[in-house]
Amino acid sequence: MNEGESLTAYEEEWLDVEGNLVSGELLISHLSTISSASSNQSICLSSDDLKTVLEINNFRPKDSTKVTLQKKAVTKKNQLKQIPTSRKQSQPTKVLAKSLDVVCSNSQISNASYAEKVQVLDWHHKNGTDQTKTCEHFKNIFPQLRIKKPLLSKWLKAKDSICEKHQQSSHNATKQIQTVSYPKVEAALSEWMTQAIHYGLPVSGEILKEKWQDFARLGRIPSEEWLKLSSGWLESFKNQHQICVFRKHSEAASVDITVVESEIVRMQEITKDYELKDIFNMDKTGLFYSMPPDVGLAFKATHGVKSDKTWMTIALTCNPDGSKKKPPLFIGKSKKPQCFKGHTANYYNYQHYKH
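Numbering (the UniProt record's numbering), first residue to last: 1 to 355.
Hints were generated in silico from the structure; no laboratory data involved.
Quick reminder that beta carbons are idealized off the backbone N, C-alpha and C, glycines included.
Mixed in with the good hints, there may be bad ones.
Said to hold, decoys possible - With a Cα cut of at most 25 Å, we get these calculated BS3-like pairs of lysine-lysine:
1. Lys325 - Lys309
2. Lys133 - Lys159
3. Lys154 - Lys133
4. Lys354 - Lys336
5. Lys284 - Lys354
6. Lys157 - Lys133
7. Lys336 - Lys277
8. Lys284 - Lys238
9. Lys139 - Lys149
10. Lys184 - Lys126
11. Lys126 - Lys148
12. Lys157 - Lys126
13. Lys284 - Lys326
14. Lys165 - Lys211
15. Lys209 - Lys184
16. Lys354 - Lys277
17. Lys335 - Lys284
18. Lys354 - Lys326
19. Lys333 - Lys354
20. Lys139 - Lys126
21. Lys209 - Lys228
22. Lys325 - Lys272
23. Lys335 - Lys309
24. Lys284 - Lys333
25. Lys159 - Lys139
26. Lys309 - Lys284
27. Lys184 - Lys272
28. Lys336 - Lys309
29. Lys272 - Lys324
Said to hold, decoys possible - Label-pair ranges, simulated between beta-carbon atoms:
30. Glu235 - Trp123: 32 to 42 Å
31. Phe280 - Pro337: 23 to 33 Å
32. Glu263 - Glu235: 22 to 32 Å
33. Leu156 - Cys244: 47 to 57 Å
34. Phe288 - Trp226: 32 to 42 Å
35. Trp226 - Gly200: 28 to 38 Å
Using the sequences plus the hints, can you model the full thing?
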């Protein structure tokens with residue numbers, strides 16, 4: 001300091017710990033309060049005072065002694081309590097002890113995490129790269145780090161390494177080990193699904209939940225200990241076994257685009273003299289009420305299988321502006337279906353005809 005050189009991070013820490021002569025200053029203050037005596041009068045010092053005298057005599061930094069600041073602060077407080085004082089100086093000592101408590105409470109230094117280092121470095125580069133300004137900015141934000149120029153310079157030199165380690169620690173923090181509550185049940189469920197897909201059976205999320213309960217019963221697991229089988233469990237099971245939703249395709253219908261375009265022109269010519277409310281379009285569709293769904297869960301995309309194609313025709317009629325809709329027309333195989341229970345189709349507000 002006398003030569004005008006900047007202090008290193010270790011030197012600053014040493015000044016805060018071993019180089020802190022608060023005890024020596026207290027001893028000198030104590031000696032100065034003693035009345036002037038003759039040269040042949042001796043002064044009695046306590047063991048702590050003698051220890052402080054030796055510390056002053058051997059005052060120099062030691063590399064081999066590295067004591068934590070928290071332990072050093074507690075030692076200072078104990079030394080302060082053991083210094084004998086007269087009645088006249090009791091009040092100044094209390095004030096000094098109070099200020100020492102404040103210093104001790106704020107003297108704990110914590111190691112900066114990689115996230116804190118990255119935050120400091122990012123702010124430093126975004127706000128002019130002024131080290132003094134950066135240290136002052138984070139003085140109150142991270143008081144436990146006691147960020148100063150030497151420490152900040154050290155971080156700046158190792159910026160790439162700090163950022164890389166921060167990314168690695170963040171990536172490792174997001175990794176979670178997934179545990180299976182009932183591995184035998186889920187193994188049986190996975191095996192059942194493999195067989196179901198092999199035989200072309202459609203599999204859905206609800207079916208998986210039902211089968212899980214079936215295997216839990218076979219495993220004699222009490223019902224009160226069953227999993228809730230929520231949507232989260234289903235997604236976790238699908239991700240664990242790489243199950244996705246696939247649509248099973250059959251042969252694609254072929255459409256002649258040329259015929260469609262010519263028919264559009266012909267229909268426009270026919271309906272040009274009518275209002276929209278007077279134009280009706282009827283379209284029929286097939287209701288395959290016995291056909292299983294063509295979308296299901298599977299380990300990979302599979303081809304479709306032949307399904308029950310029992311069906312009935314439904315004709316729907318309405319005008320373009322939607323102001324009028326005709327009752328739906330059903331064309332089935334029975335003149336009086338058993339489900340009508342003796343009533344006609346008009347009773348249920350629709351029309352029904354037999355093939």
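We went through each hint and held it up to the structure:
no. : hint                        : result
1   : Lys325 - Lys309             : violated (29 Å)
2   : Lys133 - Lys159             : holds (18 Å)
3   : Lys154 - Lys133             : holds (16 Å)
4   : Lys354 - Lys336             : holds (9 Å)
5   : Lys284 - Lys354             : holds (15 Å)
6   : Lys157 - Lys133             : holds (18 Å)
7   : Lys336 - Lys277             : violated (34 Å)
8   : Lys284 - Lys238             : violated (38 Å)
9   : Lys139 - Lys149             : holds (12 Å)
10  : Lys184 - Lys126             : violated (55 Å)
11  : Lys126 - Lys148             : holds (18 Å)
12  : Lys157 - Lys126             : holds (17 Å)
13  : Lys284 - Lys326             : holds (13 Å)
14  : Lys165 - Lys211             : violated (46 Å)
15  : Lys209 - Lys184             : holds (15 Å)
16  : Lys354 - Lys277             : violated (30 Å)
17  : Lys335 - Lys284             : holds (19 Å)
18  : Lys354 - Lys326             : holds (19 Å)
19  : Lys333 - Lys354             : holds (5 Å)
20  : Lys139 - Lys126             : holds (18 Å)
21  : Lys209 - Lys228             : holds (9 Å)
22  : Lys325 - Lys272             : holds (21 Å)
23  : Lys335 - Lys309             : holds (20 Å)
24  : Lys284 - Lys333             : holds (16 Å)
25  : Lys159 - Lys139             : holds (20 Å)
26  : Lys309 - Lys284             : holds (17 Å)
27  : Lys184 - Lys272             : violated (69 Å)
28  : Lys336 - Lys309             : holds (21 Å)
29  : Lys272 - Lys324             : holds (19 Å)
30  : Glu235 - Trp123: 32 to 42 Å : holds (39 Å)
31  : Phe280 - Pro337: 23 to 33 Å : holds (27 Å)
32  : Glu263 - Glu235: 22 to 32 Å : violated (46 Å)
33  : Leu156 - Cys244: 47 to 57 Å : holds (48 Å)
34  : Phe288 - Trp226: 32 to 42 Å : holds (35 Å)
35  : Trp226 - Gly200: 28 to 38 Å : holds (30 Å)
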